[in-house]
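Peer 1: Given the coordinates of chain A, assemble chain B onto it according to the supplied hints.
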Amino acid sequence: MQPRGQLRSAPRPGPARPFAPPRALLPLLLLLLALRGAAATLKDPGTVDAPEPPSPGMLQQAARAALHFFNFRAGSPSALRVLDKVQEVGWQVDPTRGYQVNLVFSTQAYHLQDRERRLGRCSAQVLFKNQKPGPAVTVRCAPLPEKHMLREDRLLFKQLKQLKGALNVSSIPDDYGNIDPSLRPMWDLAVLGSSYVMWERTTQFLYYYPLRISSVKQWKTSDHAIDFDYIILLHEFPTQEIIPCHIHLIWYPGKWLKVSYHCEDMQTPEASSGTEEGSAVAPTDFSNF
Amino acid sequence: MRLLLPVALLATTLAITPVRFDREKVVRVKPQDENQVSILKDLAKTSELDFWYPDATDHVAANMTVDFRVHGKEFQSIQSVLDQNKMHYEILIHDLQEEIEKQFDVEEAIPGRHSYAKYNNWDKIVAWTEKMVDKHPEMVSRIKIGSTFEDNPLYVLKVGKEDGRRKAIFMDCGIHAQEWISPAFCQWFVYQATKSYGKNKIMTKLLDRMNFYVLPVFNVDGYIWSWTQNRMWKKNRSKNHNSKCIGTDLNRNFNVSWNSSPNTDDPCQDTYRGPAPESEKETKAVADFIRSHLKSIRAYISFHSYSQMLLFPYGYTLKLPPNHEDLAKVARIGTDVLSTRYETQYIYGPIASTVYPTSGSSLDWAYDLGIKHTFAFELRDKGRFGFLLPESRIKSTCKETMLAVKFIAKYILKHTS
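Order-wise, the sequence lines are chains A and B. Numbers in this note's numbering are just positions in the first sequence, counted from 1, shifted up by 118. Numbers in this note's numbering are just positions in the second sequence, counted from 1, shifted up by 3.
Treat the hints with care, as some may be off.
As the list claims (entries may be wrong) - Here are some of the chain B residues that sit facing chain A, going by a computed Cβ distance under 7 Å:
no.	residue
1	GLU141
2	LEU297
3	ARG301
4	VAL358
5	TYR359
6	GLY386
7	PHE388
8	GLY389
Please keep in mind that the hints were generated in silico from the structure rather than gathered at the bench. Note that the Cβ used here is the ideal one computed from N, Cα and C, for glycine as well.
So that you can see chain A by itself, here it is in the shape it has in the complex (with noise of 0.2 Å):
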């Protein structure tokens, strides 16, 4: 069965195959096609090397990107999504600016229990910056259950607090892959302060997941907030490095998310290191153009 939306094999040169949108997917595609329509086009038409359209590799960082900076800033660990299929809608090349690509894409709950496939769809515009990690990302998706969300965030912040032994935590998931239910929550939250900094580093080549928690550095919890400061790795594609990157977070469920962090790069010592604040409040798109 071959999966709609993506494209599978490897592109050969020469223009890309049309492509017929499924049809779920078509209000969305009208509305970007719409958008399109009004957007800026290329300056110099005459140009001798036409820019390429987006290759299946760069939709997908496109996709990522966007899916990042869209959990972070829903700032809601319980309702953090993963990418399903991505489809590009429309492209543009501005010379001063950089690539920006305008896609839709599905995504899946990340807490897949093995049964539930709640689908989620959105629509995104992506700018990569020549040269500069940290994408500009406009990225609207459809209604999320945000009472769900709410209710959701405020048992996974009950369980949090009380947690024992948090600081003594090394190693979330251990070897085998296995993460004790009761610190799944702390997974969640640490993967939600990681979008912030996945999101920062992704470029048009570079994309990441994270992959282990190795150490918390600091634990604190209150009636309204958790502060959290802890050591994730994320593997780095394609170089296949894997960065240890030092994150602490502040959340306050249904209200808002500060994370700031720096990661040992072994290529940039000058490395990366942010701060930035996501709201968890209503909002559906979110956009940093």
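Peer 2: Structure of chain B alone, referenced to chain A:
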């Protein structure tokens, strides 16, 4: 829970009449309106659906959760009808026979013993190779092809029914230490080969006509290190001159466009290519073995994780190999057949454009040496657990991968001279 009762009933039924439910799926749908209800009811008429809940087609109504059993072969057409009508569905059980058997699973891992459903350390794997040879001397022999930097043995298992100048396929696992699911697959392959010979038609034919050279752990030192010191270790454990950093990435160390990739020349990097092509004892041992068996080896397959991809040459250039259409066809069918088991989706393509340009890979080297069908699997998953794939997923990963590997082997048997 609702599901246990029917399964338990089925289990008792099994005791009386040995019915099997291989590849049968159990699907859950929630028809939203009368229209969807009638679609379901029509489906029930044209395909053989066994309703688990409700117990009969008549009781299907809107806004109720409907579970039914259907054979894997029929499932595809059911799926397209559901998709066309925008009906959401979940696959509750991918293979009913498996679920049933799980309840009788006697092969429960005894702590300290080798298990195909667990990750086994190096000592267990060595003992396992000995056991395989002991139990199946007419089909399995163990060859020491060299040793590692730390003087650990490199063992290849030769699997096949007879000797003589026959076609062969070389498969290696564990070139990167942290990719534990990879050696797990090689062990599973040998296990299945020996277990199903004489019982499974395809496997019997393959083993009667071909030899499989299986290297269950390529990077032994690294593997041991990932068990004892650093689960995330990738390279081997050789010392580098003028650097305190240890190890070379064996999959950058082969003699094929070896120094063309930037960023592979720093000993402290995870993708360090080594001081020279084939500088590593491990690389040399494998390269020597393949060279000396070149006349018989028709395919080379290397197993990695993760990303769910099936790759073929080239990595060192964006140019496509002469038989790329053939390779793409094999990869397409291979990934299709893999997905029939658990719906696991793979993408496929040449390394350079599917992943990124790399140099010194075993895949490219084997291809340029003259082995025209070379493939690399990036096994499960797609980032949720990455290298730390939970043990509970080992068996299913191995089973689906087996389907692809058997297809490739059949293809080689049929289409190579």
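Peer 1: Run the structure past the numbered hints and jot down the numbers of the failing ones, going up.
Peer 2: Hint check: 1, 2, 3 fail, others pass.
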